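Let the sequences and hints guide you as you build the complete structure.
The residues making up each chain are set out below.
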Amino acid sequence: MMWDTGHTFGSSPEKTVEVWADKLAFLQRVLTATPAGGESTATR
Amino acid sequence: MIRKLATIALAALTAVALTVVVLTARSWAAADNAGPEYPPTKRVEQVDRYHGVAVDDPYRWLEATDDPAVRSWAETQNRVTRSFVRASPQWESIRTRIAELQATGDLYGVPRLGGGRYVYTVSEPGFGAIVFKVRDGLAGEERLLFDPNPELAEGEAVSGDTLSPGGRYLGYRVATDQSRWGELRILEVATGRVGERLTGLRNASVGWLPDDSGFYYVYYGDSARIRDGAAYPAPEVRFHRLGEAQSKDLSVLPAARELEHTYAVSVVGRRPYLVVSLFEGTLSANRLLISDLSASGGPVVEPREIVDGSEPGIYRPLGAADDGLYVFTNAGAPNGRIVVIDPERPERTAWREIVPEGPATIAAASTAGGNAIQMIGRHLTLVSRRANQAWLRVYALDGRLEHEIELEAGWIGSGLVGGAAEEVWYSFSGLLEPQTVYRLDFATGRAQPFFAPETPIDRSDYVTRQVHYPSEDGTEVPLFIAHRRDLELDGSAPLFIYGYGLGGWVAVPWYQPQMLTWMDRGGVYAMPGIRGGGEYGDAWEEAGTGVNRQTAIDDYIAAAEWLVEQRYTSKGRIAANGWSASGALAAAAVQQRPDLYGAGVIGIPSLDLLRYERYTPFKGWTRGFGSVENSMEFTVLRSYSPYHNVSSETCYPPFIVTVGEKDDITPPQHGYKFVARMQQEATCS
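Sequence lines, in order, name chains L and E.
Numbered per our numbering, the first sequence spans residues 1 to 44.
Numbered per our numbering, the second sequence spans residues 1 to 685.
Everything labelled a hint here was simulated from the structure, so no lab data went into it.
What you are looking at is a predicted structure, and each value in this text was computed from that prediction instead of being measured.
Glycine included, C-beta positions come from ideal geometry on N, C-alpha and C.
Do not rely on the hints blindly, as some may be mistaken.
What the hints assert, rightly or not - Ranges of calculated distance between the beta carbons of each label pair, as one might list FRET restraints:
id: 1; chain 1: E; residue 1: E406; chain 2: L; residue 2: E14; range: 35 to 41 Å
id: 2; chain 1: L; residue 1: E14; chain 2: E; residue 2: A255; range: 38 to 44 Å
id: 3; chain 1: E; residue 1: E422; chain 2: L; residue 2: E14; range: 38 to 44 Å
id: 4; chain 1: L; residue 1: E14; chain 2: E; residue 2: P254; range: 42 to 48 Å
id: 5; chain 1: E; residue 1: T464; chain 2: L; residue 2: E14; range: 24 to 30 Å
id: 6; chain 1: L; residue 1: E14; chain 2: E; residue 2: A139; range: 35 to 41 Å
Put into structure tokens, the structure is as follows:
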């Protein structure tokens with residue numbers, strides 16, 4: 001008996017690494033010392 | 001068997017067919033960068049009414065994900081994204097480091113034992129190709145059993161296997177078209193010859209007869225992959241005799257009465273019994289049917305009900321001994337217990353309790369990738385958790401505790417897998433430990449690594465902590481934190497925070513090359529055990545589920561606030577990460593507190609919570625999120641659904657959103673619509 005493992009999509013080790021490189025490179029560019037800030041009008 | 005909720009795949013998987021990024025003008029100013037030119041996105045007039053409330057949906061057209069116009073839009077988004085992120089001078093060095101940390105040597109699966117042979121998978125790290133290897137006994141020499149890859153077509157991958165009790169046949173599931181649907185192919189172990197290929201299965205859940213002559217399975221119809229809101233076909237239980245064509249398979253239980261119903265099958269005990277679990281529209285409760293195969297004279301049987309589900313809960317058959325069927329249940333016992341049911345006297349008053357409910361929660365499913373409760377020989381093995389602590393326990397069939405091992409913070413990806421009568425196998429990974437296969441010997445009570453990968457880091461370079469923080473309402477919430485030992489905690493570090501908090505999933509770390517890379521570059525990793533998860537059992541889950549979902553978001557936000565107070569990071573330096581069902585959690589947190597976060601990193605997400613039920617036949621989240629069909633639940637979903645809470649007067653931090661183009665649990669329109677709305681409607685002065 002096995003468990004269903006949830007999401008299904010194909011990928012490769014190389015693609016997985018590249019996508020994480022995309023995310024960390026993105027964070028390196030946008031998470032600067034200056035907070036982005038913002039005044040929220042969204043309600044909770 | 002069937003997972004309780006789709007939480008398992010969030011571990012370590014990041015298979016993505018598309019990347020899109022949302023960046024706003026003000027964020028660009030803060031980042032001192034020029035922003036990309038977003039492609040214009042068409043708006044349409046579309047207003048729906050829910051319980052008398054008008055809700056507009058101007059990017060409805062992006063739901064037609066196979067439409068050429070939508071594909072073109074997505075390709076343009078990808079180009080814009082890649083031109084931005086890959087222009088970073090850091091990109092190549094980050095990629096190289098993640099790849100180094102991922103290259104921990106071959107990954108071994110947990111062995112399955114049949115006929116004295118151990119059969120196991122070996123794969124490249126990540127999503128590498130799988131081969132099957134075999135040893136004759138524990139000390140036997142390893143040799144290649146079968147390489148399925150030459151026979152795999154483009155887009156096919158091996159995703160599950162099952163060895164017959166006598167070891168004569170290996171069934172392996174081949175998923176096609178990146179979908180849940182696939183074939184079960186049968187390999188004759190002695191000859192290496194692939195015989196029949198069975199279609200219409202969604203998993204490799206089968207119940208083998210003890211003599212290897214055939215197996216029961218759940219058949220979903222000879223259908224192509226189903227998407228776009230169509231229901232899965234109603235399943236039936238069938239019997240397959242080895243060596244015969246699938247067209248000759250016998251129907252044991254007819255198609256379920258309702259499309260949302262589904263079955264799981266197992267064959268247990270020496271007698272043996274066929275046990276069928278029937279799930280009626282929810283994966284959180286089932287009934288049990290049983291048939292004594294020794295008395296039936298053939299594979300076609302008429303199972304009779306022994307647990308009617310009048311007390312709702314999970315009833316999972318574990319195995320059978322002379323005194324009856326051993327069953328795990330959380331019905332009336334939220335932390336779980338194990339009882340034995342005599343099939344001849346199945347009434348509840350005659351049940352005998354073997355392992356009573358305790359203060360720690362028996363991990364039914366969500367904290368392990370597989371079945372975390374097993375009956376092996378004359379032993380019961382299980383994993384119990386309470387907050388940050390976990391124990392692997394072995395009981396005798398009379399309920400006596402034989403062994404207890406306290407586990408480090410980590411993920412038992414395989415669940416517990418029985419081998420010989422006196423051993424249990426499992427795979428474990430921690431933030432600093434790549435997937436390692438352990439064998440626990442019941443004779444000694446010791447668990448030792450059997451297949452251990454190379455560890456490409458010095459663990460002493462890192463610090464991990466398990467702490468608690470107060471949430472908004474004062475509730476103490478567990479929190480896992482990690483960073484490099486030499487990091488100065490002066491508030492300047494960037495912090496990556498992941499939360500899930502749904503379906504009883506417990507926030508335990510697993511090996512993530514990308515997070516080691518993040519820490520090596522000065523970042524902090526944090527993972528709170530927010531409500532909605534299973535840290536303290538069902539009550540903890542309930543407190544962050546459905547109409548209580550804002551509590552989970554509040555817990556997630558409170559973790560970031562506490563980490564700022566403790567000077568792990570500072571406002572604007574925090575990346576909010578969510579995956580799958582928690583895409584909505586992280587995105588909502590950023591929308592509610594744009595001052596706190598510096599970025600959103602959202603993967604394979606749910607983001608349109610008013611229409612998610614239409615996007616997939618998967619019903620596992622209805623309990624977790626609630627349904628727009630219910631007016632109170634609609635009101636709550638409307639209040640935080642990220643697609644529906646984009647304010648034109650708010651400047652949000654930038655997001656990067658990744659979707660799986662072929663995923664049928666969270667299909668890509670969630671990401672497409674959210675990205676379109678954030679790009680077109682949010683403003684920064």
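Going down the list of hints, with the structure as the test:
1. At roughly 38 Å, the beta-carbon separation of E/E406 and L/E14 lies within the given 35 to 41 Å, and the hint holds.
2. Restraint check, L/E14 to E/A255: a C-beta distance of roughly 42 Å satisfies the suggested window 38 to 44 Å.
3. Evaluation of the 38 to 44 Å hint for E/E422 and L/E14 yields a pass: the beta carbon distance comes to about 42 Å.
4. A beta carbon spacing of about 46 Å between L/E14 and E/P254 agrees with the range 42 to 48 Å that was offered as a hint.
5. At about 29 Å, the CB distance of E/T464 to L/E14 agrees with the hint of 24 to 30 Å.
6. At about 36 Å, the beta-carbon gap between L/E14 and E/A139 stays in the expected band of 35 to 41 Å.
Checked against the numbered hints listed earlier, the structure breaks none of them; every hint is satisfied.
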